[in-house]
Structures are given as C-alpha cells and as structure tokens.
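Colleague: Position chain B with the ligand against the provided structure of chain A, taking the given hints into account.
Residues per chain are reported as follows:
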Amino acid sequence: MNKLNSQKIKSDFPILNQKINRHDLVYLDNGATTQKPNAVINAISNYYSHDNSNTHRSVHELASRATIQYEHARTITAKFIGAKTEEIIFTSGTTDSLNKLVNSLKHQLKKGDEIVLTEMEHHSNIVPWQQVAKETGAVIKWIPITDDFRLDLTTISKLITTKTKILSLTHVSNVLGTINPVKEIIKEAKSINQNVIAIVDAAQSVPHISVNVTDLGCDFLAFSAHKAVGPMGVGVLFGKSQLLVNLEPNHTGGGMVLEVTKDNTTFNQAPYKFEAGTPNVAGAVGLAAALTYLSKLTMNAIEQQMHDLTVYGLEQLNTVHGLNIIGSKDAKNRAPVFSFTIKGMHPHDIGEILNSHGVAIRGGHHCAMPLFKRLKLNGASRASAYIYNSKEDIDQLIVAIKAAQKIFGVDK
Amino acid sequence: MNIANPTDLSTSQLTEEQEIYKENIIDHYKHPRNKKKLENATHKENGINPMCGDHITIYLIIKDNKIEEITFTGDGCAISQASVSLLTDELLGKDLDFAKKITDQNVYDLLGIPISHTRTKCALLSIKTVQKAINLNQ
Ligand SMILES: Cc1ncc(COP(=O)(O)O)c(C=O)c1O
Chain A
1 MNKLNSQKIK SDFPILNQKI NRHDLVYLDN GATTQKPNAV INAISNYYSH DNSNTHRSVH
61 ELASRATIQY EHARTITAKF IGAKTEEIIF TSGTTDSLNK LVNSLKHQLK KGDEIVLTEM
121 EHHSNIVPWQ QVAKETGAVI KWIPITDDFR LDLTTISKLI TTKTKILSLT HVSNVLGTIN
181 PVKEIIKEAK SINQNVIAIV DAAQSVPHIS VNVTDLGCDF LAFSAHKAVG PMGVGVLFGK
241 SQLLVNLEPN HTGGGMVLEV TKDNTTFNQA PYKFEAGTPN VAGAVGLAAA LTYLSKLTMN
301 AIEQQMHDLT VYGLEQLNTV HGLNIIGSKD AKNRAPVFSF TIKGMHPHDI GEILNSHGVA
361 IRGGHHCAMP LFKRLKLNGA SRASAYIYNS KEDIDQLIVA IKAAQKIFGV DK
Chain B
1 MNIANPTDLS TSQLTEEQEI YKENIIDHYK HPRNKKKLEN ATHKENGINP MCGDHITIYL
61 IIKDNKIEEI TFTGDGCAIS QASVSLLTDE LLGKDLDFAK KITDQNVYDL LGIPISHTRT
121 KCALLSIKTV QKAINLNQ
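Line by line, the protein sequences are chains A and B.
Under the numbering used here, the first residue of the first sequence carries the number 1, and numbering increases by one thereafter.
Under the numbering used here, the first residue of the second sequence carries the number 1, and numbering increases by one thereafter.
Next comes chain A alone, as it looks inside the complex (with noise of 0.2 angstroms):
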C-alpha cells in the first residue's frame, strides 16, 4: 500500500504555508475543520468563473452545466460512501442533516417510544432529539462509555428493546477519537427489534476511515464536507432509497415539487423533495472535489496515516508530566484526536500559549456537555490531527505544552 507523503499533501493546501506569531503554523485543530487543498478552491473558484446558474431550472447552457455538475456532485458523493445516487441528499451539515431527518421521522414517534444515543454524541445529535422527545413523549436511552472511553457494548443487549424506534449514535467521538464498532452495534440492535432506524453521525469518520453505508448496515447517515476538507455549508443526508420514499419533507417550497395547485402539491421524489429552495451548487461542486482528492489519495492510506499519528501522538503525549489523555491510551480503533487536560492549567491558557508557539488547537467543551458532564470535567484542551500533519507537528505540539507547564510552573 502506498504511503501518505504529509510533506507533499501539506504543500497542497495554501493557508497551511504561513507564520503565526513568527512560527509556523501547526494545524491541530481538524476536529473542528480541516483546511482545504487547492483542487477544491479552484473547483468553487472554476465554477463560479464559469458555469454558475441555478440547477434543474432553465434550458440554458449554464444552467445545464450547473445541473450536471450538481448531480455529478451527488454521484460522486454516493460512490464514495457506497450508496446509490438517488439515495444522497444535499444539506448545509451534519447539523442540518440531523435536524431534517429528525424532523421528518419524528411523525413515526409516539408517546413511550424509545431512542437510543450514546453519552459521547455530539450536541448536533441530542438536542434535536430532546426536542422531538418533548413533543412526541418518546423517551431517550443512553448508551454508557467505560473506563477506556469506549462504549459499553454489554449494554446494548438491554437497552435495545420491542419499543426501540431509533438507534442513534456517532461513528467517531469528536473528543475521545474512539471508533465505535458501528457495523457491530447496528446489527445487534436489529436482531432485537428489525424495525430500529439506525442513524449514524459521521462527520468524524467520514474524514479518517473508509465508510461504506451498505458495509455498516445503517438506515441514515450524515457527515459535513468542511470536515473532510471540503467546504463549509454543505453537508450530505444519506437515507435507504425504500426509507425516503415514505418519508415527508419537513422543508418545502421552490425545486422539489412536481405540481403546486391552490390546494394542493405533489412533491417530486427523493432526493429532490428534501432538497427545497436553491441549492448550494458550488458547495457540492467543491465536496466533490474534496471526495476525489481524499480517492486519490485513497482512504486505505489515509485510515493508515492516521493510525500511525495516533500511536505516535499517544506514545509522546504520555511522555508529558502532569498530563492527563482524556481518552483510550489504546491506539487500536482509534482516531488522532487527542483531547486532555494538565494539571494547574485551563483551557484557554494552554491554547494561549500554545497559539504563541504557532500551534492551533482547540478548548472547551466540545459541543459535548452531557460527555464532559460524564467525565467530571469541566473541559479539556484538544489536538486533532489530519493528513496534512505530521510527526514532527506532534512534536511541536509537545514542546509547545511544556513551554507552557514552564510559565505556570507545573512543569516538574
């Protein structure tokens, strides 16, 4: 299997090649938002200077070019995660994703109906959640992290039962790194009740592992492209073709409808029908772009890449007096996300210093209270790391902390 060259891949992305207070830049905070590499700025920049127009609308060469470049988008979206074409609705994110598709199941919920998260879902994939339950009177089950921040899969077996409706959970922690066994987990909870929609929040892993919807066994899946260095604002809904067909669009209005009377509307099938209003053409023109830059340099390699940045990042930060990993110490199923907190230091002065030292990371809760909350902790400090790192970024990471241990005196 080839090698990932970071060297090479980091020349790629332009913002990457610039000082920050007289260093340069490390950029450590991929959990957040990757950068993006000049094949897909220069897809959004071709587009606009080009073919811009709006889709599915006017006989017009740009608005054909336009529309072929959007339903191009969408096959190769689907492609990459092993779905059907028709089966790929375009959203602004995850969070977009998740609220339409909560919204639209949320019509299938009763009052003593059970959903099923886990205590390390991102905000995106609670609130929305909370929000349903209070109106439909469906109650929510928790599935609990362990000692080494894994989930409890021995739990599974009882917290699965006949009045479970939804199973959904994140496919990578956004503050542990963990992978859970999704495939795993999915098809337990389907040989207890064959009729649990399962849903999986994918932002995390979309970016570090190859995905393959059909592989996992899931119902919906959700990720962003700015993760996974593509642009903000555009994001992917995968649904089960036989799921959206039933499905009732929550956002309606111009582009997904076949027929408007006075009284009435036909909507147009699925994708069409969740995709109401203009869409972002140049967001998934540039998610395109992101995907077959990821292809080519195949997600074999980059699953590879960032095995070898967890061990390595694991074995040095362990090396760190007085540092404490907020995460498995275990780099099998595990992704270069490293969040911890040191010993007499917050957040924010570590992220502080360590941004003195050209070194971006990020602090906080993590849009993971209820975790943090779990955890006993109030936040942590975290590092994530993307293709475009390397070890000596790791490196620089380490010096910069014990450059800030010094400061406070917490270094010994």
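To be clear, the hints were calculated from the coordinates, so they are not data collected in a lab.
Small disclaimer: the values here were computed from a predicted structure and weren't measured.
All C-beta atoms, glycine included, are put in the ideal place defined by N, C-alpha and C.
Between beta-carbon pairs, the in silico distance windows are: (1) His31(B) x Arg22(A): 31 to 39 angstroms; (2) Asp152(A) x Leu136(B): 39 to 47 angstroms; (3) Thr103(B) x Val139(A): 48 to 56 angstroms; (4) Asn42(A) x Leu136(B): 50 to 58 angstroms; (5) His31(B) x Asn2(A): 50 to 58 angstroms; (6) Val257(A) x Asn135(B): 49 to 57 angstroms.
In the BS3-like style, the derived pairs of lysine-lysine whose C-alpha atoms are separated by at most 25 angstroms in a straight line are: (7) Lys22(B) x Lys121(B); (8) Lys402(A) x Lys22(B); (9) Lys35(B) x Lys128(B); (10) Lys36(B) x Lys343(A); (11) Lys376(A) x Lys37(B); (12) Lys22(B) x Lys343(A); (13) Lys35(B) x Lys132(B); (14) Lys22(B) x Lys406(A); (15) Lys406(A) x Lys30(B); (16) Lys19(A) x Lys8(A); (17) Lys30(B) x Lys412(A).
For the chain B half of the interface with chain A, some residues (derived, Cβ under 10 angstroms), not all of them: (18) Tyr29; (19) Gly76; (20) Cys77; (21) Ser80; (22) Cys122.
Modeller: Relative to the frame of chain A, chain B with the ligand by itself:
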C-alpha cells in the same frame, strides 16, 4: 524548527508568552488574594462564561457606601481568576462610586498584559459580576 532537540526550543522562546502571562498574573492565579466565602455578605452575585466554564461568586460587605469586605470563590482560566483577584484587592476599602466607575480599560490596566479579542470575556468577568452585585442589590 528545531525538531532534533525540542527542549532547546522551549527555553529559547519563552519571552513571547511571558509577555502574555506575566509573573504577576501567574502569581495571582496560583495564589489568589481574597479567595474565600463571606457568610455575612450584604451583597453576593454569580458570574459565568458558559462557553469556557469560567465561573466566580463575588461576596461584598457594604456599609455606608463603602466596600468594607470583598471576596470571591470560583474557578477558571488564569486571566479570569487573576483579574478577580486583582480587582478585589483594588476595591477593598473603596467607595461604591469608585467601583461603579471602573471601566474595561481599568481592568486591562490592572492586569497589565495584552488581552486578545477572544479573552476579553475572561478578563472582564470580574468587573461585570462586581458591578452587577452592586447595582442589583442596592
Ligand atoms: C461528531 C460530530 N457530529 C456533528 C458535528 C456537527 O457538524 P456541523 O457543525 O458541520 O454541522 C460535529 C462537528 O463539530 C461532530 O464532530
């Protein structure tokens, strides 16, 4: 970048952040002044920055328009905690009018370090909470 010998780097480049984190700030963070609960406070107020988790409680004993006692409890980043430690020192024994007139700039001056845009909330939690305590409970 000196990757071969990373430890050299950390010592040679301390000056920049020492600017941001002057010893005085670290000292107030690690050894806060006036950090205790006041059971007989006449005025008390909580302040919180929900996004970063900084939180403080201010306790005051005010008599004849004068701050006879001012203490705090809380937790958070160095800037937020040093700010409240410094501010309580500054306000002890002063008139209420003095406390009401304290500006954001006065607090930055007390801290004596450059405060970046993202940290203004941390720096100002102290004065916002004190002024809320005074104004709300009058
Ligand atoms: C696991 C997970 N789910 C959902 C989201 C939400 O993604 P977006 O903000 O792009 O809608 C994120 C991003 O922060 C995430 O990490």
